[in-house]
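Residue strings, one per chain:
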Amino acid sequence: DGGITQSPKYLFRKEGQNVTLSCEQNLNHDAMYWYRQDPGQGLRLIYYSQIVNDFQKGDIAEGYSVSREKKESFPLTVTSAQKNPTAFYLCASSMYGARTYEQYFGPGTRLTVT
Amino acid sequence: AQTVTQSQPEMSVQEAETVTLSCTYDTSESNYYLFWYKQPPSRQMILVIRQEAYKQQNATENRFSVNFQKAAKSFSLKISDSQLGDTAMYFCAFMNTGNQFYFGTGTSLTVIP
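From first to last, the protein sequence lines stand for chains A and B. Here the first sequence stands for residues 13 to 126, where the numbers follow the working numbering. Here the second sequence stands for residues 594 to 706, where the numbers follow the working numbering.
Please note that the accuracy of each hint is not assured.
As the list claims (entries may be wrong) - Not the full set, but computed from the structure, chain A residues with beta-carbon under 7 Å of chain B: (1) Ala43; (2) Gly54; (3) Leu55; (4) Asp66; (5) Phe67; (6) Tyr113; (7) Gly120.
What the hints assert, rightly or not - In silico negatives: residues of chain A with every beta carbon more than 12 Å from chain B: (8) Ser19; (9) Gln49; (10) Gln53; (11) Ala93; (12) Thr124.
Hint data in this document are derived by calculation from the structure and do not stem from the laboratory. These numbers were taken from a predicted model, which means no experiment stands behind them. Glycine is no exception: its CB is placed at the ideal position from the N, C-alpha and C atoms.
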């Protein structure tokens with residue numbers, strides 16, 4: 013089955029530690045995205061990548077970093093510089109030039125930093 | 594920058610009744626795409642319906658339909674014959690020609706048995 017996987021579903025870290033969230037897709041999509049979801053604020057874009065080895069900052073990129081070495085993978089690192097990292101993180105992908113343009117989402121990762 | 598506004602943080606509807614969720618957006622582009630996503634308690638985002646701005650006909654998907662008013666920049670979602678499984682957060686989203694997506698803050702819908 014084609015889709016997007018995010019692992020793990022729940023992640024716990026101590027303050028001051030970097031943590032990397034995994035996102036893999038087998039949909040052959042060109043574009044991939046990372047969103048942060050907080051209560052009452054909807055989805056906010058952290059980073060996005062339209063092709064391999066290229067990515068752009070979204071609205072709240074400070075304290076986060078990404079890489080896009082493979083088309084299928086778009087890991088997100090939450091660094092110790094991120095002031096309030098506890099949140100629900102969603103990865104998504106979409107296809108350029110397709111008849112349909114919607115984003116497909118992974119199941120999300122709930123990160124708790126204490 | 595494009596913005597998407599959902600002015601109803603919470604709504605409720607009786608089972609089998611009809612409910613309409615509102616969404617407005619702001620853009621200077623003429624060609625774009627609009628979406629409604631559903632996020633149930635599992636938190637998995639699910640596409641409900643999509644609308645291409647160049648199409649005048651309103652999109653429909655079974656019990657879900659939209660009222661797309663391009664001049665007014667309005668994109669409301671109508672759910673007919675509401676079911677308990679429709680209880681979820683609903684997000685309106687806008688996609689520009691650069692493949693960038695913008696989401697509203699969501700409307701929490703509760704279907705009452």
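Of the numbered hints stated previously, which ones are contradicted by the structure, given in increasing order? Per hint list: 4, 5, 9, 10 violated.
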